[in-house]
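**Student:** Residue numbers (our numbering), protein chains in the order written: chain A, 6 to 190; chain B, 6 to 331.
Think of the hints as simulated: they come from the structure by calculation, not from any bench.
Treat the hints with caution; some may be incorrect.
Derived DEER-like restraints, expressed as beta-carbon distance ranges [what the hints assert, rightly or not]:
1) R119/B - E178/A: 44 to 50 Å
2) S273/B - A157/A: 43 to 49 Å
3) G134/A - Q274/B: 43 to 49 Å
4) G134/A - S273/B: 53 to 59 Å
5) W135/A - V92/B: 37 to 43 Å
6) A78/A - A188/B: 50 to 56 Å
7) P283/B - R93/A: 47 to 53 Å
8) S163/A - R119/B: 17 to 23 Å
9) V195/B - E90/A: 30 to 36 Å
10) G96/A - T166/B: 29 to 35 Å
11) K182/A - E286/B: 51 to 57 Å
12) E51/A - G149/B: 41 to 47 Å
13) H134/B - G96/A: 23 to 29 Å
14) H134/B - E102/A: 41 to 47 Å
If you want a taste of the chain B side facing chain A, the calculated C-beta under 8 Å gives, among others [unchecked claim]:
15) I8
16) L11
17) S138
18) E143
19) W181
20) N298
Backbone N, C-alpha and C define an ideal beta-carbon position, used for all residues, glycine too.
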Amino acid sequence: MIVDERQALRALRRRDEAALAWFITRYAAYVSAVIRSVGGIFLAPEDIEEAASDVFLILWQNAASVRPGKEKAYLSGVARNKARERLRALGQELPLEEDVLALPDADMEGDLNRREQADVLRRALLGMGWPDRELFLRHYYYGQPLSRIAEAMDMNLSTVKTRLRRGRERLKEELMKGGISHEDI
Amino acid sequence: MRISDLMDAIEDDTVVLPETDADASARIMEATMKKIHTIEGNKTMPAKRLGRGALAAIIAAAILALSGAALAAGHMFQLVNWKGEPVGEPEPMATPHLETAIAAEDESSQAAARIVESQKSGELVIIRHADGSAESAERREELGSLEELRERLAAEDSVLTVPFHIPANWSFSQGWLTLESAAGYGYTLVSAEETDYDFTAERWAAAEGGDFIAGYLVVFHDADGEERAIEARLQWPENEHAFGTEDGDRAEALTVDGMENALLIERSQSATVYMQKPLDEPIAYESVFHLMNPESVPITEAFTTAFYRLNGWNADADELTVLIAP
Numbered sequence: 006m007i008v009d010e011r012q013a014l015r016a017l018r019r020r021d022e023a024a025l026a027w028f029i030t031r032y033a034a035y036v037s038a039v040i041r042s043v044g045g046i047f048l049a050p051e052d053i054e055e056a057a058s059d060v061f062l063i064l065w066q067n068a069a070s071v072r073p074g075k076e077k078a079y080l081s082g083v084a085r086n087k088a089r090e091r092l093r094a095l096g097q098e099l100p101l102e103e104d105v106l107a108l109p110d111a112d113m114e115g116d117l118n119r120r121e122q123a124d125v126l127r128r129a130l131l132g133m134g135w136p137d138r139e140l141f142l143r144h145y146y147y148g149q150p151l152s153r154i155a156e157a158m159d160m161n162l163s164t165v166k167t168r169l170r171r172g173r174e175r176l177k178e179e180l181m182k183g184g185i186s187h188e189d190i
Numbered sequence: 006m007r008i009s010d011l012m013d014a015i016e017d018d019t020v021v022l023p024e025t026d027a028d029a030s031a032r033i034m035e036a037t038m039k040k041i042h043t044i045e046g047n048k049t050m051p052a053k054r055l056g057r058g059a060l061a062a063i064i065a066a067a068i069l070a071l072s073g074a075a076l077a078a079g080h081m082f083q084l085v086n087w088k089g090e091p092v093g094e095p096e097p098m099a100t101p102h103l104e105t106a107i108a109a110e111d112e113s114s115q116a117a118a119r120i121v122e123s124q125k126s127g128e129l130v131i132i133r134h135a136d137g138s139a140e141s142a143e144r145r146e147e148l149g150s151l152e153e154l155r156e157r158l159a160a161e162d163s164v165l166t167v168p169f170h171i172p173a174n175w176s177f178s179q180g181w182l183t184l185e186s187a188a189g190y191g192y193t194l195v196s197a198e199e200t201d202y203d204f205t206a207e208r209w210a211a212a213e214g215g216d217f218i219a220g221y222l223v224v225f226h227d228a229d230g231e232e233r234a235i236e237a238r239l240q241w242p243e244n245e246h247a248f249g250t251e252d253g254d255r256a257e258a259l260t261v262d263g264m265e266n267a268l269l270i271e272r273s274q275s276a277t278v279y280m281q282k283p284l285d286e287p288i289a290y291e292s293v294f295h296l297m298n299p300e301s302v303p304i305t306e307a308f309t310t311a312f313y314r315l316n317g318w319n320a321d322a323d324e325l326t327v328l329i330a331p
């Protein structure tokens with residue numbers, strides 16, 4: 006009997022369908038919650054279920070590249086990106102607070118590859134501390150409106166805005182550091 | 006630079022989100038399994054080689070065999086163990102969407118599937134995507150007959166056996182062996198082909214002399230087109246099973262010579278016999294995980310159990326158990 010994620014992941018790499026069923030049973034609601042959060046009002050329940058099944062299909066296909074212990078995070082990442090894909094297909098976009106980050110060096114974005122971007126972002130998020138990190142993730146990762154974040158985190162709206170701005174500044178600093186170190190290399 | 010785009014590069018599981026869709030898991034399960042079996046069926050069982058009935062039988066058996074999967078609205082599902090005894094409490098299933106559309110594969114996935122399908126016998130194909138993720142197909146060798154399977158197992162002194170027999174009027178439809186490399190026998194990169202899509206197709210050769218048979222699948226049909234599929238595979242110690250049943254299904258433990266466990270599940274449109282026996286000695290093999298994940302280190306893992314599944318679509322219990330009778 007599969008009892009935890011590590012066992013399930015190992016079995017999944019052996020193409021054991023019972024392991025996939027194990028993941029779906031435990032994480033279907035979570036994956037749906039991520040998709041619903043990112044998709045907001047634009048995704049119907051049927052769209053969410055369809056996207057969720059796509060997420061588990063990807064888990065099945067890419068089980069070998071999932072890091073043990075990071076199964077839930079992997080599902081979250083895939084679910085988020087699937088929801089964004091669906092939004093783009095519908096021509097919809099969630100309105101996010103100052104989503105575009107202006108950097109002094111216009112080429113910096115192109116200089117950072119995906120892994121470097123992830124490293125910079127992780128450093129920035131770690132540097133934020135709680136609760137700034139959580140509200141930053143809620144807004145820019147999960148697409149939650151500021152009003153809902155304020156409600157969920159029991160803060161007033163202006164506090165959320167202030168802390169979010171602080172997070173953006175922190176991210177900008179880290180990006181500039183990342184860009185400089187990249188150029189130095 | 007958009008912050009939301011930058012977020013594509015990370016994964017988060019720290020934020021707690023309200024989960025309200027627990028009832029949807031059965032529908033998601035079914036939709037996912039349909040996609041998997043459609044995609045993998047297309048990769049491994051092309052229509053020209055295998056009738057649609059066989060594919061339907063295998064898909065149906067796989068869906069029904071899943072822990073927690075159920076197909077009928079308002080039904081209860083119940084997990085059972087090797088003895089056919091209930092595990093946990095029965096749970097109601099939500100209304101399924103049997104007509105759930107099967108999403109069309111995008112061009113990139115289709116291209117990857119074609120490359121996997123073109124693999125040379127015993128070759129390991131790894132599809133490495135631009136985002137750093139990778140996937141591999143199990144290494145296979147086609148079989149031409151049941152006799153060939155028996156000969157290969159005997160020649161390699163395999164721990165897997167052929168614990169069933171097929172009546173004389175049944176014909177071989179299709180089959181394959183799955184291969185693993187013994188511990189200490191690694192892989193060598195043969196080629197890395199850039200494609201017009203967002204992935205590179207790598208072909209790896211297993212070290213000579215290291216291959217051993219880790220499983221097989223054979224499919225047979227009779228003159229009426231009825232089909233039986235038999236699968237065998239080596240498993241890890243934790244691959245014990247609980248089997249999903251629905252209202253009206255019958256689960257019965259069987260005694261089969263040479264097997265530690267055997268279970269028959271008779272369903273409304275199919276029957277399946279599962280069998281399992283521990284190996285005398287674990288069989289160590291080389292994991293291919295590190296080939297797909299450059300940051301990881303080579304891992305040696307071990308099989309400890311032989312697992313068999315005999316499935317018959319439109320078959321009842323007697324029609325299956327006669328195939329495993331001495």
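**Student:** All hints are to be evaluated individually against the structure, with a verdict given for each.
**Tutor:** Now for the hints, and whether the structure bears them out:
For the pair R119/B and E178/A, the supplied restraint of 44 to 50 Å holds, since their beta-carbon distance comes to about 47 Å. Checked against the hint of 43 to 49 Å, the C-beta distance between S273/B and A157/A comes to roughly 46 Å, which is consistent with it. The hinted window of 43 to 49 Å between G134/A and Q274/B is violated, with their beta carbons roughly 57 Å apart. Roughly 57 Å separates the CB atoms of G134/A and S273/B, a value that falls within the hinted 53 to 59 Å.
Between W135/A and V92/B the CB atoms are about 40 Å apart, so this pair conforms to the stated range of 37 to 43 Å. Checked against the given bound of 50 to 56 Å, the beta carbons of A78/A and A188/B, roughly 31 Å apart, lie outside it. For the pair P283/B and R93/A, the beta carbons lie near 51 Å from each other, so the given range of 47 to 53 Å is met. Range check, S163/A to R119/B: about 56 Å between beta-carbon atoms, so the 17 to 23 Å window is missed.
A beta carbon spacing of about 34 Å between V195/B and E90/A agrees with the range 30 to 36 Å that was offered as a hint. Here the CB-CB span from G96/A to T166/B is close to 58 Å, at odds with the stated 29 to 35 Å. Range check, K182/A to E286/B: about 55 Å between beta-carbon atoms, so the 51 to 57 Å window is met. Taking the beta carbon of each, E51/A and G149/B are about 45 Å apart, inside 41 to 47 Å as hinted.
As the Cβ distance of H134/B to G96/A is approximately 26 Å, the hint placing it in 23 to 29 Å holds. Taken as a hint, the range 41 to 47 Å is violated for the pair H134/B and E102/A, whose Cβ atoms sit roughly 32 Å apart. Residue-level restraint check for I8/B holds (minimum Cβ-Cβ distance to chain A is 5 Å; threshold 8 Å). Interface hint status for L11/B: upheld, as the beta-carbon distance to the closest one in chain A is roughly 6 Å, under 8 Å.
Nearest Cβ of chain A to the Cβ of S138/B: about 4 Å, under the 8 Å cut. The hint holds. A least Cβ separation of about 7 Å between E143/B and chain A falls short of the 8 Å threshold, and the interface hint therefore holds. At its closest, the beta carbon of W181/B sits 13 Å from a beta carbon of chain A; the interface hint therefore is violated under the 8 Å criterion. Taking 8 Å as the C-beta cut-off, the interface hint given for N298/B holds, the closest approach to chain A being about 6 Å.
Hints 3, 6, 8, 10, 14, 19 from the earlier list are contradicted by this structure; the remaining hints agree with it.
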